[in-house]
Amino acid sequence: MKNGNVREFVDHIYYGDELWFLYEGKKYFLEGWMNDGRLDLCLYEMADNGEKYIWKGSATQYPVEAFLEARIWNGKSFWDAEQDMEWVDA
Amino acid sequence: MGGRGSFAAGNKVPYSYKTIGTIDGVKVLEGISGKHGLPEEAHSSVAYIKLKPDGTFHEMRFYNEHHYLTMEIAYHPEPNLNDGNRTESILHVHEYPQKNNFLVRPAHRITKQEYQKYKRFFKGVPEIEKW
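Just so you know, the sequences run in chain order V and G. Going by my numbering, the first residue of the first sequence is number 6, and it counts up by one from there. Going by my numbering, the first residue of the second sequence is number 31, and it counts up by one from there.
Here are some chain G residues the structure puts well away from chain V; computed CB gaps all over 12 Å:
{"hint": "1", "residue": "Tyr-45"}
{"hint": "2", "residue": "Thr-49"}
{"hint": "3", "residue": "Asp-54"}
{"hint": "4", "residue": "His-73"}
{"hint": "5", "residue": "Ser-74"}
{"hint": "6", "residue": "Ser-75"}
{"hint": "7", "residue": "Val-76"}
{"hint": "8", "residue": "Lys-129"}
{"hint": "9", "residue": "Gln-143"}
{"hint": "10", "residue": "Gln-146"}
{"hint": "11", "residue": "Arg-150"}
Only part of the chain G face toward chain V is listed, based on derived beta-carbon distances under 10 Å:
{"hint": "12", "residue": "Gly-114"}
{"hint": "13", "residue": "Phe-132"}
{"hint": "14", "residue": "Ala-137"}
Hint data in this document are derived by calculation from the structure and do not stem from the laboratory. Since the structure is predicted, the reported quantities are computational estimates derived from the model, not experimental observations. Cβ coordinates follow ideal geometry from the N, Cα and C atoms, glycine included.
One chain only, chain G, in its complex shape:
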C-alpha cells in the first residue's frame, strides 16, 4: 500500500495500516501511528473499508485492476450535498474518473442502485427506506 504514485521501488516501506477484520470478504483497515483515511492505491485488494471509532461504517474505497482508486463511498455529514447540514450523516459517493488524479472527484448522494449493491458493507448505518 503506497502513497500517491510513490511506489516503493524495492525499498523497504513501513506498514501504515493493519487489517482488523473483514466485512463480507473485504478487509477492514485501521491506520497505524497516526495514519488516517484509507490507502490511495491498493496492490492486493480491490476494496478496503474503514470504520468510525464507534464501529460504524465510515468509508469504503474501490480500486481497479491497475491498483488505482476509482470510487469511494462515505458516511458522514457532507454539507455540500445536504443543504449545508453539518450534523446528519449521509451516504455519498466520490468518483475518481481520472487515473491517478486525486484532485477531481465529483460527489453525489448514493443512488438506490448503488445502495442496493453495497449496503451489506454499511455496518451500523440505518436502513434507507425512502428514496
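Looking at chain V on its own, in the form it has when it is part of the complex:
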C-alpha cells in the first residue's frame, strides 16, 4: 500500500470507514453501509458506469474477509494487489 500502512487501512475496513484509493489509474471508494440492519461493504469505481461490488455482512460485523479475498483486482485478491494500490484523500 502506497501512501499509508496497509494494516491500518484494513483496520479502517473493520469499522466501515470511508476509504479512497487508486489502482491501475482508477479511483475506488470503499465504505460500510447499513442496509436493513445489516452491515454491508460497498466498493465503487468512481467513474460513470464504473464497477460496483457489495458484500453483505451481519448485524454486528462488516464482511471484511469477503472483501479481502475477492479476486477482483485483475484476478488477484486484495493482499496480492495491495502493493500496487495508493491510499488517497478523496
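Please arrange chain G on chain V, whose structure you already have, making use of the hints.
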C-alpha cells in the same frame, strides 16, 4: 488524539496529525506520515476539519464533552445517497449515535438547517441555493 478507545495511559504516543490552520476557530488538521482521515477521539477540541488536497472542504468531525465522535459532515461523491452518482460531490452527514460505536453511523444529505448552521466552514464548496 488517540485511536478508537486506545487511550495512551501515560505512554508516549507519536503525533499523527498537525494543525495547518483554522476556519472560524476550528482547527484544520493534516495527517502525518500517511495518516488519513480525522481522529476518532478529540481531547482538546470539540471539532476538527480536514481539507482536500486542493484546499476544498472535505470533512468535519464533532466530538462531545466526553471526547467521543458524535457527527461528521463530509463533501464528496456518495453514491448511496445520490442515486448511484459517483462524480458529483454532495454535502452529507454521518451521525454516531452510540457512544464509541463506529460501526453504526446513519447518513443523510445535509439539511437546510444544518447547512445554514455550518456553512461557514465549507471552504470552496459551491453555495446550495435550491432545497
